[in-house]
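Sequence lines, in order, name chains X and D.
Following the numbering used here, the numbering of the first sequence begins with 13 at its first residue and continues without gaps.
Following the numbering used here, the numbering of the second sequence begins with 663 at its first residue and continues without gaps.
Derived pair list, reagent style EDC-like, types lysine to aspartate or glutamate, alpha-carbon separation capped at 16 Å: (1) X/LYS181 - D/ASP757; (2) D/LYS701 - X/GLU304; (3) X/LYS66 - X/GLU18; (4) X/LYS302 - X/ASP342; (5) D/LYS701 - D/ASP757; (6) X/LYS298 - X/ASP334; (7) X/LYS386 - X/ASP112; (8) X/LYS302 - D/ASP757; (9) X/LYS298 - X/ASP340.
It is worth saying that the hints were derived from the structure and are not from the lab.
Values in this document were obtained by computation on a predicted structure and should not be read as measured data.
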Amino acid sequence: MIDAQELTSREGIDVADPWGAIEACYAEGWTDGLPVVPPTEPLVCAMLAAGPWKADEVLLHEPVRGRSVTADKAAINAVMAGCLPAYFPVVGAALQAIGDASFMLHGPATSTGGAALMVIVNGPIRERLGLNAKTNLLGPGYRANATIGRSLRLVLLNCLDCRPGVLDKSTQGWPGKYSLCFAEDEASSPWGPLHVSRGFAAGQSTVTVFAAESGHNVLSHGTADPEQLLTCFADAMAGLGSLSPGRTVIVLAPEHAGHLHRAGWARGRTQQWLYDHAWRSLADLKRGGKVEPAFYTNPGLVDWLYRDAPRGRPTLGPNPADAGHVLDGDEAIRVHRGLDPDDILLTVGGGDAGGHSAFFPSWSRGRSVPFVTKEVPV
Amino acid sequence: MIRILDPTLRSPATPVALSRAPRPRRLAGATIGLLANGKSNGMALLEQVATRLRERHQIGDVVRVAKTNASAPVNESDTEALAARCVAVITAIGD
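Same shape as in the complex, but just chain X (with noise of 0.2 Å):
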């Protein structure tokens, strides 16, 4: 058990029962919109006292502002959102995913993209705490889902002041931003377990999170043919909206993922036919104004443009003057979405009647931040 001396701070309200503790929580602006629970200290240290990190220990560190969360806060915030105190373990491995500092939240947390974080756990805590992997996943429905994403978004209100027209700037924003978490149907995966795709034991688990934009339903019920079904896909990730170089997230239906697996189709073949046919030609992107005149100025984007054109990549660099224009020899650019097949990353959940499986792009029009897998400590 943890002494309440032990926590960094001990400041906070006084009130006098607890609907008062609740509407206090909202005039202090602690809350995302709906009611938190009051983070009261005997509740704040049985959570803190279920992870393995002492109350000081930063578990993320954003540079660009130079805030540490540390576990104290984090379980506060956990509490707040409704977090049984067995959750603590994902939240804190979650936190330091997100921290990690290839992912860059500063940018995913404040840009007008509006970004959710999405958390997809692995592993056999999956079962022990009641993730659902099943039927509705990423709706509402079950608390461990429901909790454990809302406490990332708490910590980015409360602690990064990542909150609408302060830090947050997100021109629209969508509801993944409250929560945005789900367990893999590991065992209806063709292919195993996304964490041990990703280097970790079976019997670890595990948090992966990325950055997302609102998800796109791929609806398939009438074909069981794997190319059939994922021209449906391609088609999706190669919409004009979301085209960029950045990452994917598929979450297979069930339904979806076995006609994959009775075709005998592997993850890195399936990896490679969506990147192969997830593309727009070069004229399609300066049709839809999606050729900035800056891009011609950065290498990267460049890079993304032409690194599959017929003639390769051009060695005095696009004129940007041509941004907007379509030339000869634009048509048959193919510009995929992401930079290799490894920028999709496929996972397996819902229920097991219906041919709805989803696509995510990622924050950003440009790169985006990466994957980040870390250990759930037992």
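Given chain X, work out where chain D should sit, using these hints.
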């Protein structure tokens, strides 16, 4: 009474004391840093500012640093180079 704990970092355990760098008295001949934050048009905006500063204040050399990613902090070697060479640094976001 019920005590509810503050979930924010408003009361950091170890406050960091920062002071402002000395302000330059004049810009004539001064080396000025341009730090573009990584968005597409940040440097274009800064170049315009530098042009105006040359016209109005006759600034000297210009040191340009363009972050490769708007989400990342400026790296230490760039920070040190700007601090060592520049009298003042201007930064901009330009999307």
